[in-house]
Amino acid sequence: MSGTWMTTRAWLLMLPLLVVMVAVIGWPLVDTIGLSFTDAKLVGTGGDFVGIDNYTSMLSSPNFSRTLVTTTLFAVISVAAEMVIGVLAALLLNQEFKGRAILRALMILPWALPTVVNATLWRLIYNPEYGALNAALTQLHLIDAYRSWLGEPGTALAALIVADCWKNFPLVALIALAALQAVPRDITAASLVDGAGPFNRFRFVILPYLAGPLMVALVLRTIEAFKVFDIIWVMTRGGPANSTRTLSILVYQEAFSFQRAGSGASLALIVTLLVTVLAVAYAALVRKTAGGAA
Amino acid sequence: MERRSPAFTFFIYACALLLAAVILAPIAWLFIMSISPAADLAAKPLRWWPQAVDFSRYGQLLSTAENSAGAAFTSSLRNSLEIAGMATLAALALAIPAGWAVSRTPAVGWSLSMVIATYMLPPVALAVPLYMGLSHLGLLNNVFGLALVYLSILAPFTTWLMKSGFDSIPREIEAAAMIDGAGLLQTWRIITLPLAAPVMATSALFAVLLAWDEFFYALLFTSDQRAKTLTVAIADLAGGRVSDYGLIATAGVLAALPPVLIGLVMQRALISGLTSGGVKG
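Top line first, the protein sequences correspond to chains A and B. For the first sequence, this note's numbering gives the first residue as 1, with consecutive numbering after it. For the second sequence, this note's numbering gives the first residue as 1, with consecutive numbering after it.
Isolated chain A, as found in the complex:
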């Protein structure tokens, strides 16, 4: 069979996927770009061309800079905590002990729990009047009075981060565990014979095997944390006093609550650009790490 026919046939087989992708991703993206230069409302006519006004007003608004800081805090702290706890859990699960298989199977539970159910569950746990956290801390005499964990700007973001970490660290742990199991036994044995301590063993013998898979997990988790919407919407809707408002929540409010499709679109594209820059930077890092490890 000739190469050109193979290629033509491949394109024909790709065609349905590409058509649908253009319809549900390509066209909406192009349309968003167009909208971002207009003052269009969500309902009604197309709106007038306003140049880059939307971009300048969005970028210079204090809402944007504050939201960017909140999003970055959320993403950096949750992902860092998930990576550290995930790797520690994987190192534990890589040891031999009774019940290890069961514990390993349990790790899938938080990951499988739907995000909205997870958010609802933690909302109930943090409930200011009847929540389990207040009850537990009072019964242990760690706090004197019930607190509104999600209702106070000082604790709301931290409470969200805990809920997000609980759901996502097991995935990091499972990925790290799979990588740990690929470390050849004789290498760890040899390092023991050579007298390497546990920290040196982790740093120089085990970590190189973990680096590649962990980098991929880091990239995916960071992109997701930067786009975060569901868990925050269900738990706090960005409140109290906008202390947990992330970029996706801000875009939602602009485009759908205030029905300003044009400026909402420009904000959405700014977010897209930020995520893309992040992803490209990370991808370069991944390639370097993977190259170094191999």
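Keep in mind that the hints were calculated from the coordinates and are not lab data. For each residue, glycine too, the CB sits at the ideal point set by N, CA and C. Hints should not be assumed to be uniformly reliable.
Said to hold, decoys possible - Here are the computed lysine to aspartate or glutamate pairs in the EDC-like style, where the Cα-Cα straight-line distance is at most 20 Å: (1) B:K44 to B:D244; (2) B:K44 to A:D144; (3) A:K41 to A:D31; (4) A:K41 to A:D53; (5) B:K44 to A:E129.
Said to hold, decoys possible - Derived DEER-like restraints, expressed as beta-carbon distance ranges: (6) B:G181 to A:G99: 54 to 64 Å; (7) B:Y58 to A:V84: 30 to 40 Å; (8) B:G183 to A:G44: 52 to 62 Å; (9) B:L137 to A:F204: 52 to 62 Å; (10) B:L24 to A:A182: 21 to 31 Å; (11) B:V242 to A:F199: 46 to 56 Å; (12) A:W11 to B:A175: 12 to 22 Å; (13) A:L12 to B:P194: 16 to 26 Å; (14) B:L184 to A:G51: 47 to 57 Å; (15) B:T9 to A:K288: 32 to 42 Å; (16) A:I143 to B:G59: 30 to 40 Å.
Stated by the list, open to error - Partner residues aside, some chain A positions facing chain B, computed with beta carbon under 10 Å: (17) I85; (18) G99; (19) A105; (20) D230.
With the hints as your guide, set chain B onto chain A.
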């Protein structure tokens, strides 16, 4: 195997217990809330285990009586099942030929890379035009409309999984069938698809999980029982004026049951699917 001191063994078991507690406590509490009488949940000090176990909320939510909490819940359950089912079938129908094409003809691979790169797009960047487009087509608040939108999430992922699956099926087997005179469709039917069945099953499960979990588009594009999904129904319950927290917890348990069962049963396949991405990059 290195020998362990008793202290280290104790340390390992202590950590294992801690990890198990961290994982299980919130999930156990969700279930306990669902079977505790409302009075126990509002008691101070809080009652950690109900005086009398009460499963009535499950019956309440699964009843289909008009205008009950159950009617809203069961319709959202049906919508979620329909949407996840339709979107998964459609995603596989797109992913199987496309995944095979990229696997066998790497020259077209860049187009799949582009499709996968759309993962970086936040859904908010597509939401306004999708809203306007669905509204134009009369597909707002419609299960077909939402299933169509879900293809933007499901199809790239399933195609990529299928492509990795086809990569592990030797071309020589297909070539042998073709030399014997089988056409492309016949080769697929007899050779390729049966060999790819496990990957197809894994892809389908991932697709169902993704659709089941989706919230943002469902929140935007549905408004009542005709299309609202479970995730939206639960967010409504959690954010609404429901005074019985046990009812919210029960809805959570029911919504979590299918994905948790899939997760436990398919553990091995799911993890290899997740980590193959880590290995191949």
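A quick look at each hint next to the structure:
1. B:K44 to B:D244: 16 Å, holds
2. B:K44 to A:D144: Roughly 13 Å separates the two Cα atoms, so the pair holds.
3. A:K41 to A:D31: 14 Å, holds
4. A:K41 to A:D53: Satisfied, since the Cα-Cα distance of roughly 15 Å is no more than 20 Å.
5. B:K44 to A:E129: 9 Å, holds
6. B:G181 to A:G99: 54 to 64 Å: 56 Å, holds
7. B:Y58 to A:V84: 30 to 40 Å: Between Y58 (chain B) and V84 (chain A), where Cβ atoms are some 39 Å apart, the hint holds.
8. B:G183 to A:G44: 52 to 62 Å: 53 Å, holds
9. B:L137 to A:F204: 52 to 62 Å: At 59 Å between Cβs, range holds.
10. B:L24 to A:A182: 21 to 31 Å: 28 Å, holds
11. B:V242 to A:F199: 46 to 56 Å: Given about 51 Å between the Cβ atoms, the range holds.
12. A:W11 to B:A175: 12 to 22 Å: 21 Å, holds
13. A:L12 to B:P194: 16 to 26 Å: 23 Å, holds
14. B:L184 to A:G51: 47 to 57 Å: 52 Å, holds
15. B:T9 to A:K288: 32 to 42 Å: 39 Å, holds
16. A:I143 to B:G59: 30 to 40 Å: 37 Å, holds
17. I85: 9 Å, holds
18. G99: 7 Å, holds
19. A105: 6 Å, holds
20. D230: At about 4 Å, which falls below the 10 Å cut-off, the nearest Cβ of chain B leaves the hint on D230 (chain A) intact, so it holds.
Every hint from the earlier list agrees with this structure, and none is contradicted.
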